[in-house]
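Engineer: Below, each chain spelled out in residue letters.
2 protein chains.
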Amino acid sequence: MLLEALIDRATQKGLKTVAVAAAEDAEVIEAVTEAVSCKLAKFILFGDKERIQQILNEKNATNNESDYLQIVHVDSKEMAAELAVKAVKNKDADVLMKGNIPTNVVLKAVLNKDYGLRTGSVLSHIAVFEIPGVDHFIIITDAGMNIAPDLVQKVQITKNAVAIAHSIGIDKPKVAPIAAVEVINPSMQTTIDAATLTMMNKRGQITGCIIDGPLGLDNAISTFAAEHKGIHSEVAGKADIILVPTIEVGNALYKSLVYFAKAKVGAIISGARAPIVLTSRADTAESKLYSLALALCSVSK
Amino acid sequence: MLLEALIDRATQKGLKTVAVAAAEDAEVIEAVTEAVSCKLAKFILFGDKERIQQILNEKNATNNESDYLQIVHVDSKEMAAELAVKAVKNKDADVLMKGNIPTNVVLKAVLNKDYGLRTGSVLSHIAVFEIPGVDHFIIITDAGMNIAPDLVQKVQITKNAVAIAHSIGIDKPKVAPIAAVEVINPSMQTTIDAATLTMMNKRGQITGCIIDGPLGLDNAISTFAAEHKGIHSEVAGKADIILVPTIEVGNALYKSLVYFAKAKVGAIISGARAPIVLTSRADTAESKLYSLALALCSVSK
Numbered sequence: 010m011l012l013e014a015l016i017d018r019a020t021q022k023g024l025k026t027v028a029v030a031a032a033e034d035a036e037v038i039e040a041v042t043e044a045v046s047c048k049l050a051k052f053i054l055f056g057d058k059e060r061i062q063q064i065l066n067e068k069n070a071t072n073n074e075s076d077y078l079q080i081v082h083v084d085s086k087e088m089a090a091e092l093a094v095k096a097v098k099n100k101d102a103d104v105l106m107k108g109n110i111p112t113n114v115v116l117k118a119v120l121n122k123d124y125g126l127r128t129g130s131v132l133s134h135i136a137v138f139e140i141p142g143v144d145h146f147i148i149i150t151d152a153g154m155n156i157a158p159d160l161v162q163k164v165q166i167t168k169n170a171v172a173i174a175h176s177i178g179i180d181k182p183k184v185a186p187i188a189a190v191e192v193i194n195p196s197m198q199t200t201i202d203a204a205t206l207t208m209m210n211k212r213g214q215i216t217g218c219i220i221d222g223p224l225g226l227d228n229a230i231s232t233f234a235a236e237h238k239g240i241h242s243e244v245a246g247k248a249d250i251i252l253v254p255t256i257e258v259g260n261a262l263y264k265s266l267v268y269f270a271k272a273k274v275g276a277i278i279s280g281a282r283a284p285i286v287l288t289s290r291a292d293t294a295e296s297k298l299y300s301l302a303l304a305l306c307s308v309s310k
Numbered sequence: 010m011l012l013e014a015l016i017d018r019a020t021q022k023g024l025k026t027v028a029v030a031a032a033e034d035a036e037v038i039e040a041v042t043e044a045v046s047c048k049l050a051k052f053i054l055f056g057d058k059e060r061i062q063q064i065l066n067e068k069n070a071t072n073n074e075s076d077y078l079q080i081v082h083v084d085s086k087e088m089a090a091e092l093a094v095k096a097v098k099n100k101d102a103d104v105l106m107k108g109n110i111p112t113n114v115v116l117k118a119v120l121n122k123d124y125g126l127r128t129g130s131v132l133s134h135i136a137v138f139e140i141p142g143v144d145h146f147i148i149i150t151d152a153g154m155n156i157a158p159d160l161v162q163k164v165q166i167t168k169n170a171v172a173i174a175h176s177i178g179i180d181k182p183k184v185a186p187i188a189a190v191e192v193i194n195p196s197m198q199t200t201i202d203a204a205t206l207t208m209m210n211k212r213g214q215i216t217g218c219i220i221d222g223p224l225g226l227d228n229a230i231s232t233f234a235a236e237h238k239g240i241h242s243e244v245a246g247k248a249d250i251i252l253v254p255t256i257e258v259g260n261a262l263y264k265s266l267v268y269f270a271k272a273k274v275g276a277i278i279s280g281a282r283a284p285i286v287l288t289s290r291a292d293t294a295e296s297k298l299y300s301l302a303l304a305l306c307s308v309s310k
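Going down the list, the protein sequences come from chains A and B. The numbers in the working numbering rise by one with no breaks, and the one at position 90 of the first sequence is 99. The numbers in the working numbering rise by one with no breaks, and the one at position 270 of the second sequence is 279.
Don't read these hints as lab results, they were simulated from the structure. Careful: at least some of the hints might be erroneous.
To be verified - Covered by chain B, according to a simulated footprint, are these stretches of chain A (three or more residues, beta-carbon under 8 Å):
# : region
1 : 234 to 244
2 : 254 to 262
To be verified - A short list of chain B residues far from chain A (calculated; beta carbon distances all over 10 Å):
#  : residue
3  : L11
4  : T42
5  : E59
6  : R60
7  : Q63
8  : N69
9  : D76
10 : S85
11 : L92
12 : A204
13 : T205
14 : Q214
15 : L226
16 : H237
17 : K271
Built from N, CA and C at the ideal position, the CB exists for glycine as well.
My request is simple: use the sequences and hints to build the entire structure.
Structural biologist: So, in structure tokens, the structure goes:
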């Protein structure tokens, strides 16, 4: 129910447009037509027009849908990425979505100095989870983009996630930079970074949230575990955002939630001029739809 | 049912003895009396005899139990650790268990050059999980001892875990060294170590198991995810042992399984002359019992 509510929230913001780079793919088209059937967004599909049309026909996309779908033929994947990025840059589209194209080709276009979508911020991966038994969103960042962020990057990753939290109705998210321990251990840089982020929040250098770390994942999300450890904190037991120290922690946690805890998830790349949806083949159609809804909620205007 | 079966397996090995360092603690005594009621093991309780006796009386420990319980009075926690370790060294006990005493005090005694329990191997943490929806044990190592093991330490951590797997009936465990990606990325040391461990297994340098990595956690435990990525591997989708790259990954994964996936767990420290049970206050009584059973299963003789 939590993630489903994002679809309503996105539609209430007014109809936005998604530019899809290389849409010639059955699974991508399935996500697109499903989004259209919810009136979630309009789409500009850059790619092999004939193939896109063929897939649309196979899916019996109705005439009604054509108001929501525009196809722009391009001759190569690289050109599809370039034109989709330019559509966002020119404000013809509000969200960028990866189609049947390697991630690095999309990111190369996003980071292009002439026509790209850089803002000066770090690009970071933000995953919003609905976990059985948990009555609020758990946001995990960064599980997909930055391998081993330093303190400066962690500040930007945190700011990106806080902005997304705001956009989905969490007014003052509680942020837990997690580590393997809750105490500062000078030989574990993660604990020092977590303590530093906490103080940067107290000094007003990171706003719109409450940060408290280092915390173990257990103390971050379980009041019982936090009390057992004697931790007094506004964040402990109630974290909205889990800031992981490395992509390895984030990746294992993400997969554990999906495969073992049967969580649902939507995810985007944030930090560019517009949100980017980079779903992969292994994602369910449902997850792709949630990612689109999350991206649309987070469009700034 | 998986972890409960370890209690039967442990009792079938014949009655062993557990030396408890600083047993004067209600929760420790509760775990001990519960173990005795299952006839799981005999215990030598080192600590404050008066206090131990008082807690036993409060718990209405019956006379029958006294055959299984021996109390040895000592004046300090340090002495309790020393004598408990010596009891294992002298083969009066088969397993060491931490009581109401800091972990570092126990480990200091374990690592003592004169009377300690070193074997030349690395001490490592091994957690055996029973996860709802998964029909076999998932063993995670090292989530509690080695912060950022290098290749040499990973080899020993793997060997320790393989020995434990054998002791609980997994004859040829499948080992997945996990990373954030399944391909070798020269800028991610974890992927290089994983590939190296895989080849060390193929060359007969690590035996009694099948290693294949790097794998993402999803490919390691889900055949569906592995097939989606086109990964062909004897381990993918069927991993028994998940080798994590750092304590941070292990800790987050461990907590995620317990708090989000509602998994049950037993855990020990392996690599010393005898298995060590280091349960913490936040562990459930059930988890403490499983840890004891796991330790008793893994006693070498």
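Engineer: Look at each hint and say if it fits the structure.
Structural biologist: Hints versus structure:
no.	hint	in the structure
1	234 to 244	holds (count 3)
2	254 to 262	holds (count 9)
3	L11	15 Å, holds
4	T42	22 Å, holds
5	E59	27 Å, holds
6	R60	22 Å, holds
7	Q63	24 Å, holds
8	N69	26 Å, holds
9	D76	34 Å, holds
10	S85	24 Å, holds
11	L92	29 Å, holds
12	A204	15 Å, holds
13	T205	17 Å, holds
14	Q214	25 Å, holds
15	L226	4 Å, violated
16	H237	4 Å, violated
17	K271	8 Å, violated
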